[in-house]
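Assemble the dimeric complex from its two separately framed chains, guided by the hints.
In case you want the letters, here they are:
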Amino acid sequence: MKIFGFHLMPYPDLPADHLDSADSSWVTLSNALFDPHQGHLLYRRYLDELVAYDRAGFDGLCVNEHHQTPYGLMPAPDVAAAVLVPQTSCQIAILGNALPLRDHPLRVAEEVAMLDVISGGRIISGFVRGIGAEYHTFGIDPATSRERFYEAHDLIIAAWTRPGPFEWYGKHYKFRYVNPWPRPLQQPHPPIWSPSQGSGETIDWAARNRYTYLQTYSDIATVRRVFDDFRAATQGYGYVAPPEQIGWSIPVFVADTDERAEAVALPALDTLFNRLMRMPKDVFFPAGYLTPASGARVMAGKQGLGSGSADVRDLVRRGYALIGSPDTVRQKFEAYQKELGFGCFCGVFQFGSLGHDQFLDSLHLFAQKVMPAIRGLGVPHDVPAPIAAT
Amino acid sequence: MTTTSSAPVSAAEPAEHIIDVRGRRIRVAQAGHGAPLVYLHGAGDLGDWGPALSLLARDFTVYRPDHPGFNHSDDDPSVDTVLDMAFSYLDLFDRLSLDRPGLVGVSLGGWLAAQIAVLAPDRFAKLVLVDAAGLRTEVPTPDVFTLSPVQQAELLYHRADLRAAAVAAAEKITEDPGLFQRYLRNRMASAHLAWNPYMHDPKLPGRLHRLAAPVLVVWGAQDRLLPVEYAHRWVAALGTARLEIIDEAGHLPAVEQPDTFAALVREFLSLGALSPEVGA
Chain V
1 MKIFGFHLMP YPDLPADHLD SADSSWVTLS NALFDPHQGH LLYRRYLDEL VAYDRAGFDG
61 LCVNEHHQTP YGLMPAPDVA AAVLVPQTSC QIAILGNALP LRDHPLRVAE EVAMLDVISG
121 GRIISGFVRG IGAEYHTFGI DPATSRERFY EAHDLIIAAW TRPGPFEWYG KHYKFRYVNP
181 WPRPLQQPHP PIWSPSQGSG ETIDWAARNR YTYLQTYSDI ATVRRVFDDF RAATQGYGYV
241 APPEQIGWSI PVFVADTDER AEAVALPALD TLFNRLMRMP KDVFFPAGYL TPASGARVMA
301 GKQGLGSGSA DVRDLVRRGY ALIGSPDTVR QKFEAYQKEL GFGCFCGVFQ FGSLGHDQFL
361 DSLHLFAQKV MPAIRGLGVP HDVPAPIAAT
Chain D
1 MTTTSSAPVS AAEPAEHIID VRGRRIRVAQ AGHGAPLVYL HGAGDLGDWG PALSLLARDF
61 TVYRPDHPGF NHSDDDPSVD TVLDMAFSYL DLFDRLSLDR PGLVGVSLGG WLAAQIAVLA
121 PDRFAKLVLV DAAGLRTEVP TPDVFTLSPV QQAELLYHRA DLRAAAVAAA EKITEDPGLF
181 QRYLRNRMAS AHLAWNPYMH DPKLPGRLHR LAAPVLVVWG AQDRLLPVEY AHRWVAALGT
241 ARLEIIDEAG HLPAVEQPDT FAALVREFLS LGALSPEVGA
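Keeping their order, the protein sequence lines are chains V and D.
The numbers in the working numbering rise by one with no breaks, and the one at position 371 of the first sequence is 371.
The numbers in the working numbering rise by one with no breaks, and the one at position 52 of the second sequence is 52.
Just so you know, the hints here were simulated from the structure itself, not pulled from any lab data.
Keep in mind that this is a model prediction, so the values were computed, not measured.
Cut-off 30 Å, straight-line C-alpha distance, at most; resulting in silico cross-link-like pairs (BS3-like, lysine-lysine):
1) V:K338 x V:K2
2) V:K171 x D:K203
3) D:K172 x V:K281
4) V:K332 x V:K369
5) D:K203 x V:K174
6) V:K332 x V:K2
7) V:K369 x V:K338
8) V:K369 x V:K2
Isolated chain D, as found in the complex (with noise of 0.2 Å):
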C-alpha cells in the first residue's frame, strides 16, 4: 500500500492519456499490445506502473486507468460507492472503446472488477480477482483504516526483502509532500468507498450470478490484509472459478512473485477465444 515501484521490465514506458468521461479527467497508463486487458488497482496503490504489467504487456495492450478520486485522476463527487464506480467505468470503457477486455483487479480493483462485470456481464471476456476484497468472512481482518503507512507496509508484503524496502519507504512518506497527500487522497477515497461496511457489499454475493465470463481467481498465500479464506469465500460465491493461490507472497502476488503472476493471467485469459490476435 505505500510503493510498488520496481524497474520495469524490458517494455516501454506506458504512455499517459487523459481520458475525459463527463468532464472529469481520467488518467490511463496504457503499454504492450494485443488483446485489452483492464488493470484496475488497489486502494494503497500510488499510481505505479510495476513489472507484472510490463510482463503482460508483452502480449497484451495493458490498461491501467488511476479511479476517480486516487492518484492522478480527478475527484468525482458522484462516486460514494463501489457501485457508483463501476457506473463510471462503464462509461470511460465506453470512450476508450474496448471491445471485450480482460478484467484485471486487485484488493479494492478486485471487488470493483466484480461490480462492473456484474452490471455489463456481456462486456468482459474473463476476470481475474487479485486478493480481492468485496466479501466478508467471520475470519477476522485488520482495520486498515487505523494502521499508519508503516504498519500497512509491514502487513502488506510477505518477502522480507520487499517488505523492509516498503517500510523504509513507509517512514519517509511525509518527507514527499506530493507524494504524502496522494496518499491522504487515496485514503479519503477509500473511505467513501470501504469505511462502512468495512470494505465489502453485503449484497455483492447476491448479485455474482449476474456474472458471464470465466473467472480466476488469485491468491497470495501468505497475504495477512485479506488472508486466503477470503479466495475459498470467492471461489464459493462465484459457484464456479479457477483459484491459483501464489505461494512467497502477501497481499500483492503481482509485486511479489510478477514472473508467477504474469504468466497465471497470461495463460488464463489466452485460454480459449479473448479475441484472435492474442499472442500476435
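Bound-form chain V, shown alone (with noise of 0.2 Å):
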C-alpha cells in the first residue's frame, strides 16, 4: 500500500452567518473575508502539516489546485510544492495541475519539470480539469473543457519527451516553439494521476494511458462500480491494472475512541462538506462541462454535495470519511481495501476547521497503530506489472 498525506489548506474562519448569507462559497464570496494575516499563520501550519506526513513516514504527500474559494487557498500547487521539495524527501504529489484553465500549458511543463529535476524525481504530476466553478474564475468555456484537457496534456506529454523545438498547431494551443528547460528528471516523464469523481470518459483515459487513477469524494457503492470499471477499462487495453494504479482519497480521523473521533470529527466534516464545498449546481456543474446527456443524470439528482446540507453522519456510513478509533478505522480500511482493490491512499488527514493539535494527534494515531497493519495491503501478487507509460 502506497500511502499518501493529502492536505486542502482551508480556510474555515468564515463569519457565522456565512450559510445565510451566501448561495456559494466559490466564485463570488467575498475575498474581502480573507484576512491575510490569519491567512499567512494558517499558511505556516498548513506547510507543517504537510512536511508532518513525510515525517511520520508516508510515501508521498499531495497538494491540489483550486480558485476563488475558503475551500481551498491552493491556486498554485506547484507554488506549494517548491515551498515542500526542501523541507521532505518524500514524493510529492500535485493533484493536480488543472490543465484547461491554463492558456499557456507549457508553463505546467516548465514548472513540474523544475520542481522534478530540482526534487531529484520526487514529483507525480496530477492532471485535472477542475471543477466546474473555476470555468466561472477564469471565463474559459466549459463546454471546451474536455477537448482543452486531452490536448493540454498531449502538447505537454510532447514537450517532456519529444527533442524540441517542435511546432504545435491545435484546435486550442498553438506554438511556433515548442521546446522547454529544463526537461523533467524522471524518464520518459514523472507518474501521471488522474483524479476525478468518476466519469466515463476519465475512466478510459486514464486506462488507456496507464495512469493511476484516484477516486474522490465518492461513496463507497461508486467507489467500487468506478473501480471496476477502470480494471475492466485496463483489460480493453490489454491489460489489468495493479492495485497501485487505483488510487482512494478520503478524509481520515481518528482518536482514541469511536466515540471521541466522531465528537471532533463530524464538525469539522460539516464545515467540510456543508460550508467550504457549498455551491449551487449550476455553477458546480456549468453548461458542457458535463455532455448534456451525463450532465441530464447529474443535474436532476437531489443529493450531491454542495448544497449545504448533508447529513455528515450519514456520509460517513456511506464512505465519504473514516472516522474511529485505530481498531475501527484499521477494520474498517482492511475491509474497504478487500472489497475495492486500491493499492494506493491518499488520505486528508487535515479537513474542515480541525485544530493543528488535533491533526497531529490524528495522524501520529494512524502512523503508529494503523499504517504498521495496512503496509501489506493492496501488494500485487498474481497480476502483472503495468508496462511503463509512454
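Pasting the structure below:
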C-alpha cells in the first residue's frame, strides 16, 4: 500500500452567518472575508502539517489546485510543491494542475519539470480539468473543457518527451516553438495521476494511458463501481491495473475511541462538506462541463455535495470519510481494501475546521497504530506489472 | 428561457423543413405568406413557434431556424463565436434563396442578426433587434450561466401569470429527459458563443456603421436580464435607429405582449419598400 497525506489548506474562519448570506463558497464569496494575517498563520501551520506527513513515514504528500474559495488556499499547487521540496524527502503529488484553465500549458510542463529536477525526481504530476466553478473564475468556456484537457495533456507529454524545438498547432494551443528547458529528471516523464469523480471518459482515458486513477469524494458503492469500471477498461487495453494504479482519497480522523473521533471529526466534516464545498449546481456543473446526457443525470439528482445540507453522519456511513479509533479505522480500511482492491491511499487528515493538535494527534495515531497493519495490503501478487508509460 | 408555449393564434401550424447547410441539418419552421421575415431565436429558446410569429405570419412568410447546435439543428464544430454562426447563416440564406428578408433577432438572436447584417449589409431589407445581447454597458446584469432554470424563469418574465407558469415548467424540466437534454445542449452551445466575453462582442460597436438597413430596436420595459439601458446603448451605437419600448414586458416582449410586438414589427417592416407584395 502506497500511503500519501493530502492537504486542502482550507480557510475555515468564515463569519457565522455565512450560510445564510451566501449561496456559494466559490467564485463570488467576497475575498474581503480573507484576512491576510490569519492567512499567514494558516499557511505556516499547513505547510508544517504537510511536512509532518513526511516525518510520519508517509510515501508522499499531496497538494492540489482550487480557485476563489475558502475551500482551499492553493490556487498555485506548483508553488506549494516548491515550498515543500527542500523540507521533505518523500514524493510530492500535485493533484493536480488544472490544465484547461491554463492558456499556456507549456507553463505546466516547465514548472513540473523544474520541480522534478530540483527534487531529484520526487514529483508525481496529476492532471485534472478543474471543477465547474473554476470555469466561471477564469472565463473559460466549460463546453471546451474536455478537449482543452486532452490537448494540453498531449502537448505537455510531447514537450517532456520529444526533443525540441517543434511546432504545435492544435485547436486550442498554438506554438511556433516548443522546447522547454529544463526537461524532467524522471524518464520518460514523472508519474501521472488522474484524480476524478468517476466520469466514464476520464476512467477510459486513464486506463488507456496507464495512469494511476484516483477517486475522490464518493460513496463506497460509487467507488466500487468506478474501480470495477477502471479495471475493466484496463483489460480493454490489454492489461489489468495492479492495485497501485488504483487510488482512493478520503478524509481520515483517528482518536482513542470511536466516540471521541466522531465528536471531533463530525463538526469538521460539516465545515468541509456544508460550508466550504457549498455551491449552486449550475455553478458546480456549468454549461457543457458534462455532456448533455450525463449532465441530465447529474443535474436531476436531488442529492449531492454542494447543497449545504448534507447529513455528515450519513456521509460517514456511506463511506465519504474514515472515522474512529485505531482499531475501527484499521478494520474499516482492511474491509474497504478487500472490497475495492486499491493499492494507493491518499488520506485527507486535515479537513474543515480541525485544529493543529487534533490533526497531529490523529496523524500520529494513524501512523503508529494503523499504518503498520495496512502496509502489506494492496501489493500485487498475481497480476502483471504495468508497462511503463510512453 | 424555459418554455414559451402558448396556443398558436389562428394561423396554420408551421411547416418544418430540414435544410442541408454544408452537410449539417438545420431545422427551419416556416409559415405564412408575403415578404420574407427571418426570426432568430434567443439562447434560452427551446424551439417553440409562439403566438407573435403566428400573428406575423398573416402578413409575412416567417422563417424560424434553430441555430446550429440548438434545439433540432445539428451541431456545427466550426461555430465557436457569433461571427462563426453569422457565416453559417449566410450559407443558410443562400440555400433558402431569401430575397432581402427582414431580420428579427431576440436576445442572443439580436446580437446574431446585427452580426449577420454587418457582414452582408445589402442582403437585408430591415433589422429588428429585440432585447438584444451583443453590447456591454456598466449597468450590471445577472450571469445567466450561474442560474438554475427556475431562477432564469423568475428573471425572464414580468407578467405574474407568465412567470408563475414558466417557474412551474422550470421546476419540472428535469422530469422530461428530452426537453432537459435540449435545454442543456442549448446552454452548451450558448457557452461557446457567449461565455467570455459575457454576452457581447467588444468589436461589434466599431462595425455597426457597416449596417445599411433601417433598424428598429424593441425592448421590454421591465427586462431584468438586459435592462432597458441596453436599448439606449444600442440606439447610441447604431447612430440612427427607431426605439420602441413595450410596457408590461420583460426580456421577451414577443411572448408577454404578442399583439403589441407583432403590430410594431409589422408596421416597421411594411413601411416603405420591404418588397412589393407586403400585405397582399
